[in-house]
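Work out the full structure, taking the sequences as your base and the hints as a guide.
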Amino acid sequence: MVNRKQQPPTRLITHLPFISPQKGLLGNGVPVFLVEGGTEDIVRVELLLLAGSYHQHKPLVTYSAANLLKAGTAGKTSHEISEMLDFYGAYLQVDAQKDIVSVSVYVLRKYLEPVLALVQEIVSAPSYPQGELDILLKNQKHQHIINSRKVAYLARLHFSEQLFGPYHPYGYRIRKNDFDKISRHDLLSFHKQWIHPGNLNIIASGKLPGNITSMLEKFFGNSNWARPAQQPPEPVYLAATSENKKLLIHKNEALQSAIRMGKRTINRSHPDHQRLMIANALLGGFFGSRLMKNIRQDKGFTYGINSAVVSLVRDGYFFVGTQVGAEVCQAAIDQIYQEIIDLRTKPASPEELTTLKNYLSGSFLRSFDGPFAQADRFKELLVFGITPEYFDNFLVELKNTTPESVMDTAGQYLHEDSLIEVVAGKR
Amino acid sequence: MLGNGLRVIVHRDTSTPMAAVNVLYDVGARDEDPSRTGFAHLFEHLMFEGSVNIPDFDTQLQDAGGENNAFTTNDITNYYDTLPAQNLETAFWLESDRMLGLAFSEQKLEVQKNVVVEEFRQSYLNQPYGDVWMLLRPLTYQVHPYMWPTIGKDISHIREASLADVKHFFRKFYHPANAILSVSGNVDPDQVFRMAEKWFGDIPAGAFSERNLPEEPEQNIQRRLRVEREVPFDQIYLAFHTCKRSDSAFYATDLLSDVLSNGSSSRLVQRLVKEKRMLSEVNAYITGSIDKGLFVVSGKLHEETSMEVAEQAFFNELNLLINEPVGERELQKIKNKAEAAHIFSESNVMAKAMNLAYYELLGNADLLNQQPAFYFEQNAEHLQQTARSLFSPERASILEYHSAKTQSSA
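Protein chains in written order, with the numbering used here: chain A, 79 to 505; chain B, 6 to 415.
In short, the hints are calculated from the structure, not lab data. Please note: incorrect hints may appear among the correct ones.
[Stated by the list, open to error] As a list, the in silico BS3-like pairs of lysine-lysine whose alpha-carbon atoms are at most 25 Å apart:
(1) K254(A) <-> K329(A)
(2) K113(B) <-> K83(A)
(3) K259(A) <-> K158(B)
(4) K457(A) <-> K296(A)
(5) K228(A) <-> K176(A)
(6) K377(A) <-> K118(B)
(7) K281(B) <-> K254(A)
(8) K281(B) <-> K259(A)
(9) K203(B) <-> K113(B)
(10) K203(B) <-> K83(A)
(11) K228(A) <-> K329(A)
(12) K340(B) <-> K154(A)
(13) K176(A) <-> K329(A)
(14) K281(B) <-> K219(A)
(15) K216(A) <-> K172(B)
(16) K371(A) <-> K113(B)
(17) K219(A) <-> K279(B)
(18) K83(A) <-> K172(B)
(19) K279(B) <-> K254(A)
(20) K424(A) <-> K371(A)
(21) K158(B) <-> K177(B)
(22) K177(B) <-> K154(A)
(23) K424(A) <-> K176(A)
(24) K377(A) <-> K172(B)
(25) K118(B) <-> K285(A)
(26) K113(B) <-> K377(A)
[Claimed, not checked] Interface residues of chain B toward chain A, partial, derived using beta-carbon atoms under 8 Å:
(27) M23
(28) E72
(29) E123
(30) P133
[What the hints assert, rightly or not] One side only, chain B facing chain A, incomplete, derived with CB under 10 Å:
(31) D18
(32) N58
(33) D61
(34) G70
(35) T87
(36) E94
(37) D102
(38) N119
(39) Q132
(40) E235
Using N, Cα and C, we set each Cβ at its ideal position, and we do this for glycine too.
Written as structure tokens, this is what we have:
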């Protein structure tokens with residue numbers, strides 16, 4: 079008979095699973111990183127541009143300029159471009175964020191070359207046809223109007239505005255009529271100023287072909303894709319958290335209320351960041367967290383609750399987010415405050431801390447599983463300009479975590495007095 | 006296969022430090038009592054609330070550096086764990102104990118009923134268009150239990166669930182012969198089989214109950230449901246009954262949905278969103294269920310587009326599939342897309358374990374590797390024949406989801 083009361087022995091990971099990518103420079107100075115691996119004949123090439131909506135002069139310009147790269151070039155229509163990508167079974171993923179624009183293509187290795195030729199063409203010289211812009215904006219406006227009926231969407235938008243202020247690009251809350259104010263000229267100008275080889279990094283991952291370097295050189299190393307004579311200076315904005323700590327977006331018909339609470343805090347570039355990530359994990363960073371145990375598994379107030387520390391290049395913030403039954407909204411908020419207070423006042427038990435450490439080390443290993451995941455983790459370093467030792471430090475930091483270090487970190491960065499609260503729904 | 010009927014499948018991948026363990030139970034919302042719907046899914050929640058020897062599933066798995074989740078469909082309930090490969094045995098310990106028996110309690114049942122009620126509200130009731138499938142299912146299925154969604158027909162069914170129901174459900178469906186265990190990742194197959202025997206081998210076999218579901222009769226009269234809701238825009242849904250998952254026509258049916266809306270070069274996107282600009286979003290897809298499924302075409306209408314015009318545009322496209330063969334290059338394109346999607350799904354240990362278990366349920370885990378070939382052997386004639394059998398107006402179920410706002414301001 080097996081002993082079912084006793085957990086089989088487990089071992090923690092002891093070594094870092096991260097292999098630094100092979101780095102090269104193209105003829106025009108564009109850095110290239112190669113992450114080799116995987117079992118299937120698939121490749122991802124990501125063009126990572128270090129400029130995002132932080133750099134735009136009008137709302138939605140970065141989003142539109144990135145998403146309409148595939149909408150036409152001097153030589154090809156939008157339809158021809160999508161026909162080619164679909165024919166090769168290639169998947170183009172465009173991501174326009176606050177600090178970056180990323181264009182990734184996922185493709186079977188056998189079709190990499192023709193697909194890269196196409197990607198080069200669309201990224202370097204988009205024509206941004208007016209008709210395509212009209213369709214995008216109209217459809218996105220439609221989606222925004224639908225989303226504005228969702229409490230989670232409203233809470234998220236208003237929370238950012240409360241946190242960074244209405245004039246800061248991290249805080250600006252998108253409005254319906256913003257979709258009517260953009261011209262193709264805005265996109266062409268954004269492209270010229272920010273989407274160019276001077277802001278570009280290339281990360282290729284997967285089962286790479288032997289000639290990957292020369293292929294990248296051919297398409298991205300000496301192309302007619304020009305850098306501007308002078309890039310505009312980095313814009314400067316000052317974040318201003320709202321003086322009003324509590325905001326209610328009232329929705330009379332809401333069955334559930336979306337809650338978002340948080341504050342600005344340090345980001346990935348700060349030496350205490352990993353310590354804060356670990357403290358946050360205990361609070362709300364995984365299924366076994368205190369918030370999840372209390373508010374879902376003990377009280378049954380919600381389907382899910384989490385908290386996170388979010389790194390932006392020029393700022394950072396902490397938040398707790400959930401959707402709860404409207405009738406228990408205030409009770410849930412009270413419990414969230416209590417958990418945040420407890421985090422800096424009640425030491426974790428040895429069992430709780432062991433579970434946290436074991437879970438986080440497994441989750442760390444999982445986050446490096448496969449070439450695409452490795453490339454994603456490497457991207458964090460690149461965007462924040464930090465070195466791979468960051469990953470080694472995490473395991474050291476995790477090992478050195480004590481009940482006291484968690485309480486100290488929580489007291490320093492997550493004090494409940496400074497939190498703002500946004501509720502969309504009823505309270 | 007173990008002596009008690011548990012099927013075990015292993016796939017080794019030494020390129021990863023991880024392992025994935027998947028346990029599929031052959032029970033879904035279709036197996037529920039019509040007066041106790043949502044039960045399979047509620048039960049899935051209870052599977053995390055402790056078993057006979059282990060008080061807390063999640064904590065023990067987290068202690069081994071693992072992570073897990075589960076989902077319930079109309080056909081199956083599927084549990085999966087990923088963890089560092091060296092700690093694989095912990096997943097066997099946990100999964101076998103909850104197959105052996107659960108630590109039932111009134112208090113845990115009450116809490117999980119609340120959690121599921123909040124999930125019901127979050128996903129279905131407190132979302133614009135969230136009730137679409139609660140309307141579409143009973144419109145399209147009149148006798149088969151696919152007529153209700155996995156979350157249940159009504160919140161009251163969840164609120165009324167009793168501990169006796171829970172125990173009965175467990176005995177009936179949660180036993181080795183009704184389950185498939187699959188493992189993938191950096192594992193030694195011999196060791197996996199030994200561990201399976203060690204942890205699952207002594208679980209009592211349980212009584213296998215024959216599934217005897219009513220077959221949905223062929224539909225010969227068009228059905229139409231008009232609803233009005235507090236949403237900003239109109240939406241339209243056309244649904245047609247399709248074959249079973251095991252039928253050879255499944256592949257042509259799936260490819261037809263790809264011709265219509267897979268990728269931005271697809272027909273519906275190019276014509277209805279881009280050229281005519283009548284819809285802000287369009288979709289065509291199949292439910293892919295084990296019993297006879299649905300082919301659904303849906304669109305979000307721009308304010309100036311009427312329901313009649315959108316419906317006519319959909320039927321025009323469906324008629325085109327009936328009247329003209331899909332061109333050679335277009336067919337090659339969608340086959341290439343299907344191939345790429347298959348290869349990409351193979352690169353993830355979790356997806357691999359999940360797929361192996363699912364195809365084993367369909368008859369044979371090897372079917373997974375044969376999927377690309379099944380798609381490749383389809384030709385334009387197969388697609389046209391299939392379109393003919395699917396898309397006649399009298400077999401359509403049409404849901405008109407009207408915006409109350411548009412109507413009052415018109």
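These are the hints, each one checked on the structure:
For the given pair, K254(A) sits about 18 Å from K329(A) by alpha-carbon distance, which is consistent with the 25 Å threshold. About 21 Å separates the Cα atoms of K113(B) and K83(A), which keeps this hinted pair within 25 Å; it holds. Restraint check for K259(A) and K158(B): the C-alpha separation of about 45 Å exceeds 25 Å, so the hint is violated. Between the alpha carbons of K457(A) and K296(A) the distance comes to roughly 23 Å, so the proposed pair stays at or under 25 Å and holds.
Taking the CA atoms of K228(A) and K176(A), the gap is near 22 Å; set against the 25 Å cutoff, the hint holds. Between the alpha carbons of K377(A) and K118(B) the distance comes to roughly 11 Å, so the proposed pair stays at or under 25 Å and holds. Using a Cα cut-off of 25 Å, the hinted pair K281(B) and K254(A) holds, with the two alpha carbons roughly 23 Å apart. Simply put, K281(B) and K259(A) have alpha-carbon atoms about 23 Å apart, close enough for the 25 Å limit, and the pair holds.
This hinted pair does not check out: K203(B) and K113(B) have alpha carbons roughly 30 Å apart, beyond 25 Å. For the hint pairing K203(B) with K83(A), the CA-to-CA distance comes to about 14 Å; that is within 25 Å, so the pair holds. A C-alpha spacing of about 10 Å is found between K228(A) and K329(A), which places the hinted pair at or below 25 Å, so the restraint holds. As the CA atoms of K340(B) and K154(A) are separated by approximately 24 Å, the hinted pair is consistent with the 25 Å bound.
Proximity of K176(A) to K329(A) is assessed by CA-CA distance (about 29 Å); at most 25 Å being required, the pair is judged violated. Restraint check: the Cα-Cα separation between K281(B) and K219(A) comes to about 18 Å, which is no more than 25 Å; the hinted pair holds. Under the criterion of a C-alpha separation no larger than 25 Å, the hint pairing K216(A) with K172(B) is inconsistent with the structure, at around 53 Å. At roughly 12 Å between alpha-carbon atoms, K371(A) and K113(B) fall within 25 Å of each other, so this suggested pair holds.
At roughly 16 Å between alpha-carbon atoms, K219(A) and K279(B) fall within 25 Å of each other, so this suggested pair holds. Using a Cα cut-off of 25 Å, the hinted pair K83(A) and K172(B) holds, with the two alpha carbons roughly 22 Å apart. Straight-line distance between C-alpha atoms of K279(B) and K254(A) comes to about 22 Å, which keeps the hinted pair within the 25 Å bound. This hinted pair checks out: K424(A) and K371(A) have alpha carbons roughly 16 Å apart, not beyond 25 Å.
Proximity of K158(B) to K177(B) is assessed by CA-CA distance (about 22 Å); at most 25 Å being required, the pair is judged to hold. For the proposed pair K177(B) and K154(A), the alpha carbon gap of about 60 Å is over 25 Å, so the pair is violated. Taking the CA atoms of K424(A) and K176(A), the gap is near 36 Å; set against the 25 Å cutoff, the hint is violated. Taking the CA atoms of K377(A) and K172(B), the gap is near 23 Å; set against the 25 Å cutoff, the hint holds.
For the proposed pair K118(B) and K285(A), the alpha carbon gap of about 47 Å is over 25 Å, so the pair is violated. With a CA separation close to 10 Å, the supplied pair K113(B) and K377(A) stays within the 25 Å bound. Hint status for M23(B): holds, given a least beta-carbon distance of 5 Å to chain A, under 8 Å. Interface hint status for E72(B): upheld, as the beta-carbon distance to the closest one in chain A is roughly 6 Å, under 8 Å.
The interface hint given for E123(B) holds, since its Cβ lies 5 Å from the closest Cβ of chain A, which is under the 8 Å cut-off. Against a cut-off of 8 Å between C-beta atoms, the interface hint on P133(B) holds, since the closest Cβ of chain A lies about 4 Å away. Because the smallest distance between the Cβ of D18(B) and any Cβ of chain A comes to about 6 Å, under 10 Å, the interface hint for this residue holds. Hint status for N58(B) relative to chain A: holds, with the closest Cβ pair at about 4 Å, below 10 Å.
Given the 10 Å rule on beta carbons, the hint for D61(B) holds: about 9 Å separates it from the nearest Cβ of chain A. Among the interface hints, the one on G70(B) holds; its C-beta lies about 2 Å from the nearest C-beta in chain A, closer than the 10 Å criterion. Hint status for T87(B): holds, given a least beta-carbon distance of 6 Å to chain A, under 10 Å. Look at E94(B): its Cβ gets to within about 4 Å of chain A, closer than 10 Å, so that hint holds up.
Taking 10 Å as the C-beta contact cut-off toward chain A, the hint placing D102(B) at the interface holds, the least distance being around 6 Å. Given hint, N119(B) at the interface with chain A, holds; its Cβ is 3 Å from that chain's nearest Cβ, closer than 10 Å. The interface hint given for Q132(B) is met, as the beta carbon of that residue sits about 6 Å from the closest beta carbon of chain A, less than 10 Å. Hint status for E235(B) relative to chain A: holds, with the closest Cβ pair at about 7 Å, below 10 Å.
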